[in-house]
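Participant: Assembling the complex is the task here: the two chains are given apart, and the hints tell you how they should meet.
Here the protein sequences come in this chain order: A and B.
If you use the numbering used here, the first sequence corresponds to residues -14 to 236, in order.
If you use the numbering used here, the second sequence corresponds to residues 221 to 527, in order.
Simulated from the structure, these hints should not be mistaken for lab results.
On a predicted model such as this, the values are computed, not experimentally measured, just so you know.
Incorrect hints may have been included.
[What the hints assert, rightly or not] Facing chain A, according to a computed beta carbon distance under 7 angstroms, are these residues of chain B, among others:
hint: 1; residue: Thr222
hint: 2; residue: Phe224
hint: 3; residue: Leu380
hint: 4; residue: Leu387
hint: 5; residue: Asp391
hint: 6; residue: Gly399
hint: 7; residue: Ser401
[Unchecked claim] Sample of chain A residues with no beta-carbon within 10 angstroms of chain B, all distances over it, derived:
hint: 8; residue: Val9
hint: 9; residue: Ala50
hint: 10; residue: Ser75
hint: 11; residue: Ala105
hint: 12; residue: Lys115
hint: 13; residue: Ala123
hint: 14; residue: Glu147
hint: 15; residue: Leu204
Even glycine gets a Cβ: it sits at the ideal position worked out from N, Cα and C.
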Amino acid sequence: MNNNATSYAVEVEDLTVAYDMKPVLWDIDLKIPKGKLMAVVGPNGAGKTTLIKAMLGLLTPVSGAVHFTNESEDLRAFKNRIGYVPQSGSVDWDFPATVQDVVLMGCYGKLGWVKRPRKADMALAQQMLKKVGMLEYATRQISQLSGGQQQRVFLARALVQEADVYFMDEPFKGVDAQTEKAIVLLLKELKENGKTVVVVHHDLQTVADYFDWVTLINLCVVASGPVNEVFHEENLKKTYRSTGGLLRSVV
Amino acid sequence: MTTFIALLRDYTFQTVALGSALLGLISGVMGSFAVLRKQSLLGDGVSHSALPGVVMAFILLGNKNTEILLLGALVSGLLATFFIISIVRNSRVKFDSALALVMSVFFGLGLVLLTYVQKIPNSNQAGLNRFIFGQAATLLKRDIMLMAICGSVLLALILLFWKEFKLFTFDSDFAQSLGFSTKKLNLMLSFMIVVAIIIGLQTVGVILMSAMLISPAVAARQWTNKLWVMVLLSSIFGAASGVVGTAASSMVSKLPTGPAIVVCISTIVMVSVLFAPGRGILHRLYRRKRNKLLFKMEGGAPNVPSA
Ligand SMILES: Nc1ncnc2c1ncn2[C@@H]1O[C@H](COP(=O)(O)OP(=O)(O)OP(=O)(O)O)[C@@H](O)[C@H]1O
Ligand SMILES: [Mg+2]
Chain A
-14 MNNNATSYAV EVEDLTVAYD MKPVLWDIDL KIPKGKLMAV VGPNGAGKTT LIKAMLGLLT
46 PVSGAVHFTN ESEDLRAFKN RIGYVPQSGS VDWDFPATVQ DVVLMGCYGK LGWVKRPRKA
106 DMALAQQMLK KVGMLEYATR QISQLSGGQQ QRVFLARALV QEADVYFMDE PFKGVDAQTE
166 KAIVLLLKEL KENGKTVVVV HHDLQTVADY FDWVTLINLC VVASGPVNEV FHEENLKKTY
226 RSTGGLLRSV V
Chain B
221 MTTFIALLRD YTFQTVALGS ALLGLISGVM GSFAVLRKQS LLGDGVSHSA LPGVVMAFIL
281 LGNKNTEILL LGALVSGLLA TFFIISIVRN SRVKFDSALA LVMSVFFGLG LVLLTYVQKI
341 PNSNQAGLNR FIFGQAATLL KRDIMLMAIC GSVLLALILL FWKEFKLFTF DSDFAQSLGF
401 STKKLNLMLS FMIVVAIIIG LQTVGVILMS AMLISPAVAA RQWTNKLWVM VLLSSIFGAA
461 SGVVGTAASS MVSKLPTGPA IVVCISTIVM VSVLFAPGRG ILHRLYRRKR NKLLFKMEGG
521 APNVPSA
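Just chain B, with the same shape it has in the complex (with noise of 0.2 angstroms):
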């Protein structure tokens, strides 16, 4: 209890908590935007996508700053989210597809430059490796204030359009008919969970990213079937597996953060699919038994509870 409380008054895990607190907030409330709009793949795809833009701001500005490759890594995935668009607007290539081709470009296109970045003499790559697994750890307070300006950018967005976003995940052509530009809002809500995602870069990594955008959303939906509480939970849940995560990963030893944060929200999600009341698997089960005993003894009388 006295090593927990200790934890807690530590500047560093104050600083990585935060972090992933903020992490875990911003990309539960985009990827529930992802979630509905059937995008969860595209924290994969950007994830991927991210990685040429980080090398490339490495290697032109030979600078191993988090503004700096964040940038790039915001350039590339929004070069790879554009090119995933155009893709899908102008043919008949599906999204999935679409995206799968455009990652795998753009994740070889990273490794090449990776490797060149490797034997260039005495260009110690650590700092660039910290973006493909993630290194929590080396949040700064610096990188706390740049999430939490994003965050609430991306925040203050979402509650102004709302009604827009909402309109146009569930009925796109809808949306048009009544005059909204869909190129507009599909690009704005695209870039969006780009920024989330690129965000998120730096705390959980390439790899995890994916996971951190869908997982919280996933959960959320089980609880619930109104929009803005899915997305308020999404955002809790994601929040709060970040701060149990880096408490995690500080009380034992050679546990990474990102790891020990996706793990929590896994956790999560095993629970919600599992028991959630209306959606969960246990539940529908609970009630089809029910419904079965109840059919049995009141012999389908027609008074049978339909629920």
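Isolated chain A, as found in the complex (with noise of 0.2 angstroms):
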């Protein structure tokens, strides 16, 4: 057991959310390994971003739980070695910040109630902004980038937290093919540093490429594992089958 919990980043147990009535997870178990490269795949509206929301605790669930490893430590040493990079339309890009306040965000955790950012988390924050290519943005206004600008930006914010496990809905979405490689080589620098790093991914092409490991999901996981083990036609179909067979009935 205990050999277990050092293998293991994350292992959630029977899990079930739901927003209403009705699940839109369903008794998920899942066992994320250290150090790995995970992609999540799912059609529109398959959980994922819930499942999420879900491990990182932004949503209480209807029953089961997630646990990551030494998480017996006080709640804040455990979610600081916890990186996030949401959806990047689920804030409002108007407010009135720079980017680099925003990629500053990325430390509040590790400074914790009251303490302000310092010279060394200002530094980090631009080291993070030069990785992700918007070191010369660094003082412009958030409502002036483009969408692949603010999915950088995000990224930068949650390389700021310095984190162990990284969970990250949809970083390649509406960014070039440059910058996607780009941002594939930091993920797998992140990886080769021990971190894991959980990715939602829609682009099924790619995936045997970016990534070495993955959990296909609609409401329940149809399989979680390598790449070359559970990434095959049958699985794909029988997770994307639902989304098939409403196309067919709204026909």
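Facilitator: Spelled out as structure tokens, the structure:
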């Protein structure tokens, strides 16, 4: 049992989540091994965002639990080891702030209540902005960013968190091919540093290239495991079947 | 000019102007957060919901002291906010609907209680009316003290939790994922906004209070892209219109102070919406025209400036 605790970064047990009466996630059991780059794949409305939010504790599940390794420590220390890249549409980009302000928010967790960011935090923010290729935009107002740039700002903010486990909700959405390559390199670098990265991904073509672990999801977990073992025609059909059925029933 | 200087020396004027300035300053600061959180209507809701508290405090304690009545207002304002937050949290009803619902129930109750008070023999309810339409002239030194104390506490809290409020207002999910309690932050910020609203009731009244909360922030947003500048500007706009409004109402007979203040801040809003560089309507029109002209003259060369 102890052995398990060290080899899995996140363990999800019997997780059921519902917004209304109808559950959108049903009895999810999921083990995410440490140091993997994992894709979460599924059709629109499959519950990918919901799964990520539930794992982050942003939603209260109907039943079930989410465990992280060494989570016995106090809440803040443990939250500091979890990074989050939300879907970029989840905030109002007309908020009066600059790119740098937003990226700095990544270190707020480490700082805790009341304490302000220091020089070192600023430097870290600059460094991460450089990594995502947004350094020249540091002082720009966030309402003047394109969708792909917004995405990169959120990525930089998560990198500033210097977490062990990252959850990213569609970080490739609206990003051009070149930037996508750059981000993938970043993710692989995170992985090489022993981090666990969970990414909601829509492009089935690139799953095998980018990721080494994959979870197929549609209400339930259809399959989860190494890409070369579970990412095949049959499982994909199972995952996307219900939407296919839906489309047919509309026609 | 001499009348103006005499006015500045006038003790009543000083008191009322100071009170209005404080009110403008406080509502300018808290209003910025209300506007950025898309809760502009909170001012309307809470000020209307304060009415039953005011009347109830009068009925129960039989006392027309401002502190007592404001305490009643605070209690029912907080209660209303608490209801709104719980409804939003525990059901699928959205913020604006929950607010409208709670507000109409509370305001209705307030009117019923007010009618009841009128029926009590020899209770003149003029003292209560001042909370509906606001009567800045009734501000006393004690009231100013109260406002100053509440205002300092609010400002201190804003400074202390600046980082948290900023983060929470921009991206509450991310704040929660960092381990900040968004429940606490939400309650704290909402309650602070309520306190700011209650403070202003006596001066501008239930009906105009929402304008006092929103207008300085909306005007300030036009001029800047930085949160702290916005909050600062907003408080300056609020305070300035407090003073100017009071002066105007002292010099023009029969011009009530509350509405004068609101007219003043509304003017600032109009000017800001029209003329502010960058976000102002005129500047946008000008920019579009200039770009069109440049495009025509340079034939759409790739170096057309994109402002
Ligand atoms: N706030 C909400 N209230 C009620 N239902 C919701 C809410 N958010 C999502 N849902 C529902 O839950 C289901 C799962 O949504 P979720 O956002 O997790 O899907 P997703 O897999 O992220 O989809 P996408 O690929 O479009 O991002 C959907 O059927 C959606 O309609
Ligand atoms: Mg989603």
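Participant: Each hint should be assessed against the structure and marked as holding or not.
Facilitator: Hints and how they fare:
Hint status for Thr222/B: violated, given a least beta-carbon distance of 44 angstroms to chain A, over 7 angstroms. With a least beta-carbon distance of about 37 angstroms to chain A, the hint placing Phe224/B at the interface is violated under the 7 angstroms criterion. Below 7 angstroms, beta-carbon pairs count as interface contacts, and Leu380/B has one with chain A at about 6 angstroms; its hint therefore holds. The interface hint given for Leu387/B is met, as the beta carbon of that residue sits about 5 angstroms from the closest beta carbon of chain A, less than 7 angstroms.
Interface hint status for Asp391/B: upheld, as the beta-carbon distance to the closest one in chain A is roughly 5 angstroms, under 7 angstroms. For Gly399/B, the interface hint holds, the least distance from its beta-carbon to any beta-carbon of chain A being 3 angstroms, beneath 7 angstroms. Interface restraint check: Ser401/B against chain A, minimum CB-CB distance 10 angstroms, threshold 7 angstroms, status violated. Distance check for Val9/A against chain B: the nearest CB is about 14 angstroms away, which clears 10 angstroms, and the non-interface claim stands.
For Ala50/A, the non-interface assignment is confirmed: its Cβ lies about 17 angstroms from the closest Cβ of chain B, beyond the 10 angstroms cut-off. The non-interface label for Ser75/A is inconsistent with chain B: the shortest C-beta to C-beta separation is roughly 6 angstroms, within 10 angstroms. Look at Ala105/A: its CB is around 16 angstroms from the nearest CB on chain B, clear of 10 angstroms, so calling it non-interface holds up. The beta carbon of Lys115/A sits about 22 angstroms from the closest Cβ of chain B, which is more than 10 angstroms, so the claim that it is off the interface holds.
The Cβ of Ala123/A sits about 14 angstroms from the closest Cβ of chain B, beyond the 10 angstroms cut-off, so the non-interface label holds. A cut-off of 10 angstroms between C-beta atoms confirms that Glu147/A is not in contact with chain B; the least separation is 12 angstroms. Distance check for Leu204/A against chain B: the nearest CB is about 20 angstroms away, which clears 10 angstroms, and the non-interface claim stands.
Checked against the numbered hints given earlier, the structure breaks hints 1, 2, 7 and 10 and satisfies all the rest.
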